[in-house]
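Q: All chains, full assembly: derive it from the sequences and hints.
If you count by our numbering, then the sequence shown holds residues 31 to 111, one letter each, in order.
Derived from the structure by calculation, the hints contain no laboratory data. Here the structure is a predicted model, which means the values were calculated and not measured. All clues stand as given, with none of them false.
Ranges between beta-carbon positions, derived for each pair: (1) T36 / R93: 25 to 31 Å; (2) A108 / W70: 16 to 22 Å; (3) A39 / N74: 30 to 36 Å.
Where a beta carbon is used, it is the ideal one built from N, C-alpha and C, also for glycine.
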Amino acid sequence: MPARPTRTALEAQLEIRFGLLLTHQQLAALLGRSTAGLRWSLANPSDAHTLALRNCARRVGRRLYYPACAVAAIIESAGTA
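A: Here it is, written out as structure tokens:
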């Protein structure tokens, strides 16, 4: 089994606050967006980071969840870009 890369501080904070998977409402709160605004942005991505968030979503039943590790990586890459 391949070794997992080390966790970043942001990833650890997200996992403590939200758990391993974020709901749509939690992601909107984290990003400071309304749920409707986030839904619209994900449906019509205008940049690479929004597209990455849309692509990292995982469907469980009828709901979408966002892995904390992927969200942390996207946020960190947006900060360095």
